[in-house]
Each structure stands twice: as C-alpha cells, then as structure tokens.
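There are 2 protein chains.
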Amino acid sequence: MNFKDLVLKTRSYRRFDELCKVDLKTLESFINLARLSASGANRQPLKYVIFNSGEDCERVFPYLSWAGYLSDWHGPEKGERPSAYIMILGDKSVTEIFGVDFGIAAQSIMLGATEAGFGGCMIQSIKREELRNEFEIPEKYEVLLVLAIGKPIENVVIDEIKDNDVKYWRDSNKTHHVPKRSLKEIIIKL
Amino acid sequence: MNFKDLVLKTRSYRRFDELCKVDLKTLESFINLARLSASGANRQPLKYVIFNSGEDCERVFPYLSWAGYLSDWHGPEKGERPSAYIMILGDKSVTEIFGVDFGIAAQSIMLGATEAGFGGCMIQSIKREELRNEFEIPEKYEVLLVLAIGKPIENVVIDEIKDNDVKYWRDSNKTHHVPKRSLKEIIIKL
Numbered sequence: 002m003n004f005k006d007l008v009l010k011t012r013s014y015r016r017f018d019e020l021c022k023v024d025l026k027t028l029e030s031f032i033n034l035a036r037l038s039a040s041g042a043n044r045q046p047l048k049y050v051i052f053n054s055g056e057d058c059e060r061v062f063p064y065l066s067w068a069g070y071l072s073d074w075h076g077p078e079k080g081e082r083p084s085a086y087i088m089i090l091g092d093k094s095v096t097e098i099f100g101v102d103f104g105i106a107a108q109s110i111m112l113g114a115t116e117a118g119f120g121g122c123m124i125q126s127i128k129r130e131e132l133r134n135e136f137e138i139p140e141k142y143e144v145l146l147v148l149a150i151g152k153p154i155e156n157v158v159i160d161e162i163k164d165n166d167v168k169y170w171r172d173s174n175k176t177h178h179v180p181k182r183s184l185k186e187i188i189i190k191l
Numbered sequence: 002m003n004f005k006d007l008v009l010k011t012r013s014y015r016r017f018d019e020l021c022k023v024d025l026k027t028l029e030s031f032i033n034l035a036r037l038s039a040s041g042a043n044r045q046p047l048k049y050v051i052f053n054s055g056e057d058c059e060r061v062f063p064y065l066s067w068a069g070y071l072s073d074w075h076g077p078e079k080g081e082r083p084s085a086y087i088m089i090l091g092d093k094s095v096t097e098i099f100g101v102d103f104g105i106a107a108q109s110i111m112l113g114a115t116e117a118g119f120g121g122c123m124i125q126s127i128k129r130e131e132l133r134n135e136f137e138i139p140e141k142y143e144v145l146l147v148l149a150i151g152k153p154i155e156n157v158v159i160d161e162i163k164d165n166d167v168k169y170w171r172d173s174n175k176t177h178h179v180p181k182r183s184l185k186e187i188i189i190k191l
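Chains A and B, in that order, give the protein sequences.
In this text, residue positions in the first sequence follow the numbering used here: the first is 2, and each later residue adds one.
In this text, residue positions in the second sequence follow the numbering used here: the first is 2, and each later residue adds one.
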C-alpha cells in the first residue's frame, strides 16, 4: 500500500467487531513504531499502557467519550467495542511538556494499525481523574490520549466541507461522513 | 516499502543537498497527507505555509535553532541547507488548543517526504517573534512548527540508550547517532 492510501484508510473508526482480538505482540509492534519516531529534543517522555483483555477493556470503556458531534449516540454497543486500547502517558519526570510528541506517536501507531488490518480512534475526551483512580495511575504520569483499536466494521467517508461546518455525521446506512477543509483553504500565503 | 521501514527511514536529517529542489506540487502533496489525517473534534485548525525558493529559504533559516545537543555546530552550512520549509500555524480563530493535531500533521508530512525520496527535521526551537516580524504573520496564527525538507546527505543511526542519556551525537564520520529508549522501558504496567 502506498503511503497516501495508508493515510486515507486510517480514518477514525468507532464501531468494531469486538470478537476480533488484537494480540499483545501486535500492539507492541505498533508502539515500537512510535518508539522509532521523532521526539522533541529526543527526550522520549512517553510511556504506553496496553489493555487487550476483555476485562481490562471493560474497565477502560466508561471513562471515554465518543463522537461528541453525534449527540444521540453514546458510543459503541457491546459487541461493537474496541478489543484493545493503548493509553499514552506523559512522564513528567522526563519533561513537563509533551508538545509535538504524542501526536507523532499516535499517528505512527494508528497508521501501523491500519497496515496490520486494524483501525481505531484517538480519544482525547477522557474522564481523566476517574481513569487515574480506576487504574491507580501514578501522579507523575499525565494521561495524554487513549487509542481505541480493533477491527473496524464501519464505513467512513471524507466529504468536502460546506459552510465551514466541521461536524461529522452519520447517514441512514450508518456511513460516517467527515467533512474536510480543502487544500486551498489550509495552505496560505503570507 | 512497508510501514515500519518507512518509519525507520524517517529520521531527523539536518544536512541536505541544497541543489536538489522540492517543487510546489510535491510539497502540496505532503500537506494533503496532513489534511487527510485525524484532527481533534475534526476542527482542522492548522494552516500551512510553503517556502521553497532560495530567497525565501534564506529568510527562514536565521530564525531556526538546529540540534541543541551539538553545541559546536550551529546548523547546516550553505550548500547543505534545506531547500524547502513547511511552516505549521495554529489558527486561533478556529481553536486556541492545537493539542494532538500538529504532531499528527507533522508526522504525516515527514513520512510522505520520506516516501518521495526526501527527508528533514521538525523544528520547534524557533525565534518565533522575529520570524513573525520577518513574514508579517498575523497575530491570529500561532507558529507551531517549522518542517525543514530537502534531500538528506547524512547518515543517521539509532542506538540503544545508555545511562538514560538521550543526547544525540555525531561520530568522526559525521554519522549522527540517536539513542532510543527500549520498548521494555516505555511499555509500563499499572
């Protein structure tokens, strides 16, 4: 797959075949891609936690918010939930600023997941303190992102943006539509 | 190229064949990869500025800091400088928070550059106010990153980290060594 196709296929998926598991070695191989990616001043302040048992995934799920723009949908039903999560933590004993690092890492992981036949969603909307309590996450770690990973069962398409409306939406076939700004809009001249 | 090889090849390069130009269409194709990547709440708050003329690149160069750990090297000499830059701006009229977005975008761009036979470096250490004055960048844009892009002429290798020392260094053959933390160190259990 050329890289543009890989990027195109790496959509944010929120419904999965939950029976399709993602094994530890596979998840580690995704994190290895993040490890081998750039890091500001090479500090490498990120740590990763893997959840891929049914029990652990069930513990993570309640602390995540799904698809803010779909107000009548509160996240995937049982059977359509992710079968794994990778939590990205910022280790404050290394630096207090995680700037560009966690975006780089998350993108490497999600692209790697696509290549391996999986997909998922980067989730920033997290009940952080409750999640910290649930897993007794030490204070030295900042919860930056949770990546939901599984076997996607939804169709996601990119649309041209209209009237500056960035809200994604679902049509009657449950196809998920994501309006994207044009190249013309985002490349500016000074 | 499989994705792991693409990631491995996407090192931070700081010396280039400056005679090898990067044309506008190619740079736009890299930005298109960022455009097609994930964005927090799909807000897409990033804007991009392309510099690829010799004159513009010469204007950008003085405002960038290169390789902080190489204290006796003040950046690439003439002839070894990047032949293009992509500046990533955060449009504060869209949101004030650029969180995960600019890392995602930068990683997509740099991976795309590698696939196209180029390479470069994400530069965060920028004399932001001077650069803003030089190009009259409106206040509504936050200068997030400058990506230097060109035809790399340096050899960069990944080493195992020793004694927690993250500083990259150059050997007598000018090979650039980057110590990376082990997978064992960065995957933690709670």
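Do not take every clue at face value.
A pair counts as met if it fits within one copy or between any two copies, since identical chains are not told apart.
To be verified - Calculated cross-link-like contacts (lysine to any residue; reagent style SDA-like; alpha-carbon spacing at most 25 Å):
| # | residue 1 | residue 2 |
| --- | --- | --- |
| 1 | K181 | S66 |
| 2 | K10 | N33 |
| 3 | K79 | D24 |
| 4 | K168 | G41 |
Hints in this document: simulated from the structure, not taken from any laboratory.
Right, here's what the structure says about each hint:
For a Cα distance limit of 25 Å, the shortest separation of K181 from S66 inside one copy, 22 Å, qualifies, whereas the shortest one across copies, 33 Å, does not. Taking identical chains as interchangeable, the C-alpha atoms of K10 and N33 lie at most 25 Å apart whether they share a chain (21 Å) or sit on different chains (14 Å). Within a single copy, K79 and D24 get their C-alpha atoms as close as 20 Å, which meets the 25 Å cut-off; across copies the closest is 50 Å, which misses it. In the homo-oligomer, the alpha carbons of K168 and G41 lie at most 25 Å apart only across protomers (11 Å), although the nearest pairing inside one protomer, at 32 Å, exceeds that limit.
Hint violations for this structure: none, all hints satisfied.
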